[in-house]
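Colleague: Work the whole structure out from these sequences, hints included.
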Amino acid sequence: MEENHAEWLSHLSSDIVADAHGNLLDAYVIALEGWRRGLTLRWHVKDSEKFKDMTTWFVERPGQLFSLSSKERTHYFFRTRGDKVSNEAVMIGKDKERTKQVLRTASISTPEGEKFLEHDSDEVIREYVKSIGYPVAIKPFDGSFGNGVITNITEDGKLNDAISYVRNELGYKEVLVERHVFGKEFRIYVVGDEAVGAINRIPPNVLGDGKSTIAELIQKKNNERAKNPRLVSCPIQVNEEIKRFLSYSGLDLDFIPVKDQLLYLSEKSNVSLGGDPIDILDELPEKILDIAVRAIKAIPGLDHGAVDVIWDENNEDSTGVVIEVNPTAQLGGILFPMVGKSRDVPSAIIDYYFPESKENKSLKPNLYFDLEEALEPLRKKIATCTRVASIKSGDYYCNKIVIHEQFKEKNLTAEIKKIAIEYGLYGYVKESNLDHLLEIVITGLDRKLINDFLCSLYNLGIDKTNILLSECDQPVKVGFYVQNSKEELIHKIHQSEKKLSNMVREKNKASKLYNDMLNSRLWKITRPVRQLSYLMKKIF
Numbered sequence: 001m002e003e004n005h006a007e008w009l010s011h012l013s014s015d016i017v018a019d020a021h022g023n024l025l026d027a028y029v030i031a032l033e034g035w036r037r038g039l040t041l042r043w044h045v046k047d048s049e050k051f052k053d054m055t056t057w058f059v060e061r062p063g064q065l066f067s068l069s070s071k072e073r074t075h076y077f078f079r080t081r082g083d084k085v086s087n088e089a090v091m092i093g094k095d096k097e098r099t100k101q102v103l104r105t106a107s108i109s110t111p112e113g114e115k116f117l118e119h120d121s122d123e124v125i126r127e128y129v130k131s132i133g134y135p136v137a138i139k140p141f142d143g144s145f146g147n148g149v150i151t152n153i154t155e156d157g158k159l160n161d162a163i164s165y166v167r168n169e170l171g172y173k174e175v176l177v178e179r180h181v182f183g184k185e186f187r188i189y190v191v192g193d194e195a196v197g198a199i200n201r202i203p204p205n206v207l208g209d210g211k212s213t214i215a216e217l218i219q220k221k222n223n224e225r226a227k228n229p230r231l232v233s234c235p236i237q238v239n240e241e242i243k244r245f246l247s248y249s250g251l252d253l254d255f256i257p258v259k260d261q262l263l264y265l266s267e268k269s270n271v272s273l274g275g276d277p278i279d280i281l282d283e284l285p286e287k288i289l290d291i292a293v294r295a296i297k298a299i300p301g302l303d304h305g306a307v308d309v310i311w312d313e314n315n316e317d318s319t320g321v322v323i324e325v326n327p328t329a330q331l332g333g334i335l336f337p338m339v340g341k342s343r344d345v346p347s348a349i350i351d352y353y354f355p356e357s358k359e360n361k362s363l364k365p366n367l368y369f370d371l372e373e374a375l376e377p378l379r380k381k382i383a384t385c386t387r388v389a390s391i392k393s394g395d396y397y398c399n400k401i402v403i404h405e406q407f408k409e410k411n412l413t414a415e416i417k418k419i420a421i422e423y424g425l426y427g428y429v430k431e432s433n434l435d436h437l438l439e440i441v442i443t444g445l446d447r448k449l450i451n452d453f454l455c456s457l458y459n460l461g462i463d464k465t466n467i468l469l470s471e472c473d474q475p476v477k478v479g480f481y482v483q484n485s486k487e488e489l490i491h492k493i494h495q496s497e498k499k500l501s502n503m504v505r506e507k508n509k510a511s512k513l514y515n516d517m518l519n520s521r522l523w524k525i526t527r528p529v530r531q532l533s534y535l536m537k538k539i540f
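Using the numbering used here, read the sequence shown as starting at 1 and increasing by one per residue.
Rather than coming from a laboratory, the hints here were simulated on the basis of the structure.
Glycine residues also receive a C-beta, built at the ideal position from the N, C-alpha and C atoms.
Careful: at least some of the hints might be erroneous.
[Said to hold, decoys possible] Quick list of simulated restraints, FRET-style, between CB atoms:
id	residue 1	residue 2	range
1	K358	K50	21 to 27 Å
2	G461	K400	17 to 23 Å
3	S390	E316	51 to 57 Å
4	A226	V402	37 to 43 Å
5	A226	E471	28 to 34 Å
6	K361	E127	54 to 60 Å
7	L445	N314	42 to 48 Å
8	E316	K50	44 to 50 Å
9	L262	E240	44 to 50 Å
10	E373	G301	31 to 37 Å
11	S164	T213	26 to 32 Å
Modeller: Below, the structure is given as structure tokens:
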């Protein structure tokens with residue numbers, strides 16, 4: 001399946017979000033939208049200010065906690081979730097069984113199922129499956145991103161394999177067993193009373209070319225996913241689940257599909273596990289969008305979030321089944337679909353929190369800020385809060401200047417940068433040694449300053465006949481930069497190495513904390529209390 005880059009939002013191109021992968025992407029796009037409207041943007045460290053009272057997780061790495069302020073108010077955000085969403089709503093969303101209870105009370109359809117605790121034997125699970133009948137699905141109770149979810153289990157052999165894999169190999173002792181729901185899976189994002197984005201999440205797949213093996217096709221597909229700002233961090237992983245899924249059809253990774261044969265690699269559609277996000281907002285019927293809005297409203301204190309719905313479009317009586325509600329949902333699939341339009345969910349969220357900023361939407365400058373620079377003081381632990389320099393709203397003028405001239409002997413790039421900074425203009429200068437060209441993009445609120453900048457180029461001895469001037473509307477980073485210089489490339493390499501090192505360190509730290517908790521004496525001692533608490537909730 002080919003990607004459709006033309007439909008992405010122009011102010012969120014790959015270059016702009018290049019430093020904001022994974023959860024950083026979600027925080028960055030919300031923060032950027034508010035900042036471009038003239039709101040004051042600050043980035044925070046763990047447990048600072050109001051974040052002491054907000055439910056968050058894995059925030060040791062800066063870039064996921066920020067606040068936005070207008071003259072009237074200040075709001076705090078963890079990734080895509082703002083402080084209007086209550087901690088109670090977050091806890092309900094994390095507890096799959098409690099979510100189902102709340103939704104059923106609101107007459108919203110959810111999958112029939114039962115939770116099984118660690119002390120429940122595999123045989124007890126098998127007996128329950130017999131009582132509700134096949135097909136069924138098994139899900140880790142505390143799992144996320146679709147890890148360990150086995151769907152469409154149709155017979156005893158597959159059930160035994162699934163139980164062994166989830167409970168023994170993956171170590172998820174507490175599981176949900178649900179009746180499998182047929183249909184397509186949709187993620188719908190709701191803000192207030194409106195569904196503002198929706199994608200159909202298609203399970204990992206490859207398209208045969210008649211000569212490549214499945215393994216080779218997966219690699220080609222991952223090369224395409226790497227061009228997508230959301231999908232670059234979640235390639236299709238060749239794991240035991242994919243191998244097992246293929247084996248059920250008598251296939252393996254060395255099989256060569258015929259040309260144009262679409263081959264699914266899993267039944268799980270999570271984008272983080274290799275699924276394809278396809279924009280579907282305009283095609284979904286009102287009744288499916290309505291069930292998503294109702295699901296959000298059914299949970300106390302949940303003003304916005306994502307709802308996962310399965311709907312059998314071939315069944316006229318199907319009204320959709322809600323399988324999950326996520327108060328802290330990722331937006332990447334909606335912002336960067338493989339097919340269809342990108343939906344501006346960040347704009348809807350800022351409208352909801354700062355209605356007074358709507359009048360500035362038409363005046364948003366086509367500017368963005370460097371995320372790495374903004375977070376550097378927090379990463380170095382020399383500050384607990386850092387403010388991004390505010391910008392003035394208004395009509396920004398932007399020009400592209402191409403200089404056709406032998407400039408190698410002249411140090412023009414340094415001089416051009418110095419002049420731009422003196423005039424307070426934003427943009428970049430890029431040199432091409434092959435074509436002997438200089439490309440300058442310059443933007444500012446005052447056209448006179450841009451004209452003065454152009455006159456200063458003439459004073460550098462550049463012949464007017466070698467200058468080509470044109471208007472442009474591309475996004476520009478705040479500041480003025482020399483691109484493609486040797487120093488810049490070295491800096492980017494060092495920044496990438498540092499970022500990778502930090503990510504590995506944070507991952508190892510989180511894994512150690514999690515394992516220490518599971519193996520701690522307190523966790524083992526309090527297990528009966530947790531089990532009793534769950535049973536009491538079921539009773540009352």
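Colleague: Each hint: holds or not?
Modeller: Status of the hints after comparison with the structure:
At about 24 Å, the beta-carbon gap between K358 and K50 stays in the expected band of 21 to 27 Å. At about 21 Å, the CB distance of G461 to K400 agrees with the hint of 17 to 23 Å. Restraint check, S390 to E316: a C-beta distance of roughly 54 Å satisfies the suggested window 51 to 57 Å. One distance hint, 37 to 43 Å for the beta-carbon pair A226 and V402, is violated here, with the actual separation near 30 Å.
Distance hint for A226 and E471: a CB-CB separation of about 33 Å, consistent with the stated range 28 to 34 Å. Hint check: K361 to E127, Cβ distance near 58 Å, so the stated range 54 to 60 Å holds. In this structure the supplied range 42 to 48 Å is violated for L445 paired with N314, their Cβ-Cβ distance being about 55 Å. Taking 44 to 50 Å as the suggested C-beta distance range, the pair E316 and K50 conforms, at roughly 48 Å.
For L262 and E240, the Cβ-Cβ distance of about 23 Å falls outside the hinted range of 44 to 50 Å, so the restraint is violated. The given range of 31 to 37 Å is respected by E373 and G301, whose C-beta atoms sit roughly 35 Å from each other. Checked against the given bound of 26 to 32 Å, the beta carbons of S164 and T213, roughly 29 Å apart, stay inside it.
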